[in-house]
Amino acid sequence: QSSNLSFNGLFLLNFEKINNRLFKNLILNIRFNEGKINLKDTSLYLRKIGKINFSDPVFIEKNQKLLIKSKVKFEIDDLDQFFKRFQISKKNRIDLEKVFFEVEYNVDDSVYYLSNINFVETKSDELYFQEINNVQQFKNLVSKEFSKINLD
1 QSSNLSFNGL
11 FLLNFEKINN
21 RLFKNLILNI
31 RFNEGKINLK
41 DTSLYLRKIG
51 KINFSDPVFI
61 EKNQKLLIKS
71 KVKFEIDDLD
81 QFFKRFQISK
91 KNRIDLEKVF
101 FEVEYNVDDS
111 VYYLSNINFV
121 ETKSDELYFQ
131 EINNVQQFKN
141 LVSKEFSKIN
151 LD
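If you're matching positions, the sequence shown starts at 1 in the working numbering and goes up one per residue.
There's no promise every hint is true.
Dumping the calculated BS3-like pairs for lysine-lysine here, alpha-carbon to alpha-carbon at most 25 Å [said to hold, decoys possible]:
id	residue 1	residue 2
1	Lys48	Lys98
2	Lys65	Lys24
3	Lys144	Lys48
4	Lys90	Lys40
5	Lys40	Lys84
6	Lys139	Lys48
7	Lys24	Lys62
8	Lys24	Lys36
9	Lys98	Lys65
10	Lys69	Lys40
11	Lys71	Lys148
12	Lys98	Lys62
13	Lys69	Lys51
14	Lys84	Lys139
15	Lys91	Lys24
The hints are simulated quantities; they were obtained by calculation from the structure and are not laboratory data.
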């Protein structure tokens with residue numbers, strides 16, 4: 001993503017022991033290179049579940065609001081904890097190591113939108129956004145996506 005920045009460098013933030021029931025820590029790597037911003041190796045760790053990796057950020061101004069859009073790869077370390085935390089019913093559970101999706105964050109309104117949730121990496125152009133305002137809505141969305149899986 002291009003920006004008006006004219007410097008190169010790395011900005012590293014490591015937030016350990018986040019005071020949150022779901023999140024453990026955040027490692028934020030922001031690389032600036034000739035006006036481009038890269039979030040390679042930026043990760044959010046979920047307690048007892050796994051790691052969320054962000055990539056390909058895009059900064060958008062829409063309706064006078066600042067949005068940040070990123071691709072996300074959620075690497076699951078403990079599948080049982082994942083199913084438990086997101087309340088996935090036993091009939092909808094599958095063997096799973098990763099979940100892929102896109103997240104859009106409205107900086108001005110502090111609202112998240114998720115789209116293109118997949119259990120295999122794809123290059124979909126489908127744009128269906130689900131607004132997320134809190135952790136419970138996120139849990140409900142994940143549970144809903146699993147209920148769509150046809151296990152037959």
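Quick rundown of the hints versus the structure:
no., hint, in the structure
1, Lys48 / Lys98, "holds (15 Å)"
2, Lys65 / Lys24, "violated (29 Å)"
3, Lys144 / Lys48, "holds (22 Å)"
4, Lys90 / Lys40, "violated (35 Å)"
5, Lys40 / Lys84, "violated (29 Å)"
6, Lys139 / Lys48, "holds (15 Å)"
7, Lys24 / Lys62, "violated (32 Å)"
8, Lys24 / Lys36, "violated (29 Å)"
9, Lys98 / Lys65, "violated (31 Å)"
10, Lys69 / Lys40, "holds (14 Å)"
11, Lys71 / Lys148, "holds (22 Å)"
12, Lys98 / Lys62, "violated (31 Å)"
13, Lys69 / Lys51, "holds (18 Å)"
14, Lys84 / Lys139, "holds (10 Å)"
15, Lys91 / Lys24, "violated (29 Å)"
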